[in-house]
Amino acid sequence: DTAVSQTPKYLVTQMGNDKSIKCEQNLGHDTMYWYKQDSKKFLKIMFSYNNKELIINETVPNRFSPKSPDKAHLNLHINSLELGDSAVYFCASSQKGGGTYNEQFFGPGTRLTVL
Amino acid sequence: RKEVEQDPGPFNVPEGATVAFNCTYSNSASQSFFWYRQDCRKEPKLLMSVYSSGNEDGRFTAQLNRASQYISLLIRDSKLSDSATYLCVVNGWASGTYKYIFGTGTRLKVLA
Chain A
1 DTAVSQTPKY LVTQMGNDKS IKCEQNLGHD TMYWYKQDSK KFLKIMFSYN
51 NKELIINETV PNRFSPKSPD KAHLNLHINS LELGDSAVYF CASSQKGGGT
101 YNEQFFGPGT RLTVL
Chain B
1 RKEVEQDPGP FNVPEGATVA FNCTYSNSAS QSFFWYRQDC RKEPKLLMSV
51 YSSGNEDGRF TAQLNRASQY ISLLIRDSKL SDSATYLCVV NGWASGTYKY
101 IFGTGTRLKV LA
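Protein chains in written order, with our numbering: chain A, 1 to 115; chain B, 1 to 112.
Among the hints, a few may not be true.
Claimed, not checked - Here are a few chain B residues that sit away from chain A, every Cβ distance over 10 angstroms (derived from the structure):
hint: 1; residue: A20
hint: 2; residue: D57
hint: 3; residue: G58
hint: 4; residue: Y70
To be verified - Each computed BS3-like pair below joins lysine-lysine, with the alpha-carbon atoms no more than 30 angstroms apart:
hint: 5; chain 1: A; residue 1: K52; chain 2: B; residue 2: K45
hint: 6; chain 1: B; residue 1: K45; chain 2: A; residue 2: K36
hint: 7; chain 1: A; residue 1: K40; chain 2: B; residue 2: K2
hint: 8; chain 1: A; residue 1: K41; chain 2: B; residue 2: K79
hint: 9; chain 1: A; residue 1: K9; chain 2: A; residue 2: K44
The hints are simulated quantities; they were obtained by calculation from the structure and are not laboratory data.
Positions of the beta carbon are idealized from the N, C-alpha and C atoms, including for glycine.
With the hints as extra help, turn the sequences into a complete structure.
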């Protein structure tokens, strides 16, 4: 049973295209996240949702739009892809957003390559 | 100053050695602390939480010093399988919400 799953695992696309990444968690967690890990391996928060409500929106270009249809799903749509968007995108979930010791569980990642 | 800072390494150590990593954080309102492990081309996974009194899990010992705002991880009797990147993670209140902030990671290579 996969706790946090993402699709697709690999995504290779041309500049200017629009693509989506999907994430699902079966842990019953309230909070879900999108992280970007660049070539220098730095893991940076992009968005966080708590029970379908956006609570963290870091300085991410408007081309990135998250959507949470229910608290078990958090999708990421990217418009007009650019070379600099090439990275590994991780979805994660935790019981709560913080304030106590909540473990984050990560999906396997989506490796996006923009040509 | 970065919110969470770690020495990127790599730390190259022989099997059986003891190795220690440190991590400093800038937000004094941070409330929970963790070490995550990330293997090459894999997702991060929780190694251990770090509690105020310090805690141990087998060969791994974590310490927290709130006054100096740093966290440490000690690995005793290193195994080849310990080779990975170790991420320091801090959760605290910032800009109106709780956030998990990741360090850049410390890369460990255990050599045969």
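Just checking, A20 (chain B) versus chain A, shortest CB gap more than 10 angstroms? holds (21 angstroms)
Over 10 angstroms from every CB of chain A: does D57 (chain B) meet that, or does the non-interface label fail? At roughly 14 angstroms from the nearest Cβ of chain A, D57 (chain B) sits farther out than 10 angstroms, so the non-interface label holds.
With 10 angstroms as the threshold, tell me whether G58 (chain B) passes as away from chain A on beta-carbon distances. holds (18 angstroms)
Does K36 (chain A) sit within 30 angstroms of K45 (chain B), going by the straight-line distance between their CA atoms? holds (16 angstroms)
Given the hint that K40 (chain A) pairs with K2 (chain B), test it: the Cα-Cα distance must not exceed 30 angstroms. holds (15 angstroms)
Say whether it holds or is violated: Y70 (chain B) keeps its Cβ farther than 10 angstroms from all Cβ of chain A. holds (18 angstroms)
Assess, step by step, whether the Cα of K52 (chain A) is no farther than 30 angstroms from the Cα of K45 (chain B), and give holds or violated. holds (24 angstroms)
Given the hint that K41 (chain A) pairs with K79 (chain B), does the C-alpha gap stay at or below 30 angstroms? holds (23 angstroms)
Just to be careful, I want the Cα atoms of K9 (chain A) and K44 (chain A) compared with a cutoff of 30 angstroms; is the pair within it? holds (19 angstroms)
Checked against the numbered hints given earlier, the structure satisfies every one of them.
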